[in-house]
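Starting from the structure of chain A, add chain B where the hints point.
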Amino acid sequence: MIEFRGVTKQFPDGTLAVKDFSLVLPSRKTTVLVGSSGSGKTTLLRMINRMVDPSSGYIEIDGEDTSHLEPVALRRRIGYVMQNSGLLPHLKVIDNVATVPVLNGVAKKQARADALHLLDTVGLDRTLADRYPSQLSGGQQQRVGVARGLAADPNILLMDEPFGAVDPIVRAELQTELIRLQRELDKTVVFVTHDIDEAFLLGDQVVILEKGGRIAQVGSPAEILAAPANEFVATFIGADKGKRALSIRNTPTGDILVDSEGRPAGVLVGETDVVAR
Amino acid sequence: MTWLLNNGELIGQLVVAHLLISLPPIILSFVISVPIGWVANRYRWSRGTLLTVLGLLYAIPSLPLFIILPLVLGTGLRDSINLVVALTLYGIALMVRTTADGLASVDPGIRQSATAVGFSERSQFFRVDLPLAGPVLLAGIRVVAVSTISLTTVGAVIGVDSLGALFTDGFQRGIAAEILTGIVLTIIIALSVDGLLVLLGRVLMPWVAVNSGRVARRELRRARGPVTA
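Chain order of the listed sequences is A and B.
Heads up: the first sequence at position 92 corresponds to 92 in our numbering, and the numbers run straight through without jumps.
Heads up: the second sequence at position 137 corresponds to 137 in our numbering, and the numbers run straight through without jumps.
Bound conformation, chain A alone (with noise of 0.2 Å):
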């Protein structure tokens, strides 16, 4: 469990990124802060693993303050997957995956080869392990920096945008294999992401950001969706414009989802079921 107690942050240039932030991130659960730019959600998630410090309050993680621990220790047992892949230009990519253990000090050759089996876990094949990152795809590499991310076997996986670089097909992919990964390992997983999409798709909790970090809703998708707290979570997750309320039109061809303004948005399945609801 990550805890945020009254955590606030400013810059030296005098930014207020973070005011006054409290959340509770439950513990094997997906967590995603969804906000846009401003918002505070990247200073936030790089505050759990100390690439920020906070200028007051402080985090737990399950019970200990982070602030008493030695700052590289606890990144390497967190792992963070970040926009770009951030992979290392010079390692190929079985060794970008076995960054960590080795830092840790596992023997290269026993790293190596417990990379090669995180490369099947995220769906990699093999023959990718003696490529340099350059030659990958930018999905293989998002791909890559999820299998680094999990190379040390960490409880918590901090995400920063991930799947912001790629094209709209891939990410889809990412993300369904992202949903298969955690149900696979059961991780402590906080997602940064400014898409609402993806945060109502991969979020057990979402919590939607204002401006300085301030919470505007925390709840399920299902809990937002149904009753937005206010104006600006309407605003956000597109209900305002009726993106959301979908309603049955019957056409020639079959029947159809509309939004609110007659848009085509889908089609509806498992009709039976709804009903039955």
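Read the hints as simulated data drawn from the structure, not as lab findings.
There may be inaccurate statements among the hints.
[Said to hold, decoys possible] Here are the simulated distance ranges between beta carbons: (1) B/72 - A/165: 53 to 59 Å; (2) A/28 - B/27: 21 to 27 Å; (3) A/255 - B/112: 33 to 39 Å; (4) B/75 - A/165: 55 to 61 Å; (5) A/55 - B/27: 20 to 26 Å; (6) B/200 - A/12: 41 to 47 Å; (7) B/107 - A/186: 47 to 53 Å; (8) A/27 - B/213: 56 to 62 Å.
[As the list claims (entries may be wrong)] Chain A regions said to be covered by chain B (calculated; three or more residues, Cβ under 8 Å): (9) 107 to 116; (10) 183 to 195.
Backbone N, C-alpha and C fix where the C-beta goes; we use that ideal spot for every residue, glycine too.
For chain B alone, kept in the frame of chain A given last:
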């Protein structure tokens, strides 16, 4: 040509002497410049000050330096150590700025990523920053190598043996072939060391060719096969 044939042994000795004088300064200026370059980037005050002061070393004329160094080091006036130290100073003058620039050129995103996964400051320097600055460092040390090998010949004026001895001797005795031999051999040594450095770079930094697309192009050519009409 007869001069060349008659003096093979002397030339061989001078080539060896030349290498023994010029290689240590090349290695030393690299090894010394790395920590200085690190300090230059580490603190706000240090960059401008260090780079300017050390860059000015190159402005010191070599002859006065050969007189001052024995006084500072307590060596004899004709000791070859003076020459090695002088050449190292010139090497540092060239190399420090390149090192600082090379280390500063490492992508901040990659450095941040290294911090995020748990590199300590020390391991990040040796395993991330230094290798990624490698191509810039290589470019710098190639200039230092060629410049040092050429400058080594100045040692002749203080009586330190190198290919420069062929210049002084050739002038005094009016043997054009001797002077020409000195010039050509100095150039050959410079080109050979430069070539070795490039090879060393390929071996130590295999990713550079891959990332620049050179390997991809080579593989493409191979796949197409030999072009015949």
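Handout entry: Outcome, coverage of the stretch 107 to 116 of chain A by chain B - at least 3 residues whose beta-carbon is closer than 8 Å to one in that chain
Key = As far as the stretch 107 to 116 of chain A goes, the hint is violated, because 0 residues have Cβ atoms under 8 Å from chain B.
Problem - Outcome for the supplied range 56 to 62 Å, where the beta carbon pair is residue 27 of chain A and residue 213 of chain B - result: violated (45 Å)
Exercise for the section: Note whether the CB distance of residue 72 of chain B and residue 165 of chain A lies within 53 to 59 Å or breaks it. Expected result: Distance hint for residue 72 of chain B, residue 165 of chain A holds at roughly 56 Å.
Exercise for the section: Starting from the range 41 to 47 Å, see whether the pair residue 200 of chain B and residue 12 of chain A falls in it by beta-carbon distance. Expected result: Given range 41 to 47 Å: holds, Cβ gap about 42 Å.
Handout entry: residue 28 of chain A versus residue 27 of chain B beta-carbon gap, inside 21 to 27 Å or not
Key = violated (55 Å)
Exercise for the section: Hint says 55 to 61 Å; check whether the CB-CB distance for residue 75 of chain B and residue 165 of chain A agrees. Expected result: About 60 Å separates the Cβ atoms of residue 75 of chain B and residue 165 of chain A, which means 55 to 61 Å holds.
Practice task
Check whether three or more residues of the stretch 183 to 195 of chain A sit with their beta carbon closer than 8 Å to a beta carbon of chain B.
Solution key: Since three or more residues must qualify, the claim that chain B covers the stretch 183 to 195 of chain A is violated, with 0 doing so at under 8 Å.
Handout entry: Status of the given 33 to 39 Å range, CB of residue 112 of chain B versus CB of residue 255 of chain A
Key = At 50 Å between Cβs, range violated.
Exercise for the section: State, for the Cβ atoms of residue 107 of chain B and residue 186 of chain A, whether the hinted interval 47 to 53 Å holds or is violated. Expected result: violated (34 Å)
Handout entry: Range hint 20 to 26 Å (beta carbons of residue 55 of chain A and residue 27 of chain B) holds or violated
Key = violated (47 Å)
Hint compliance for this structure: hints 2, 3, 5, 7, 8, 9 and 10 are broken, all remaining hints hold.
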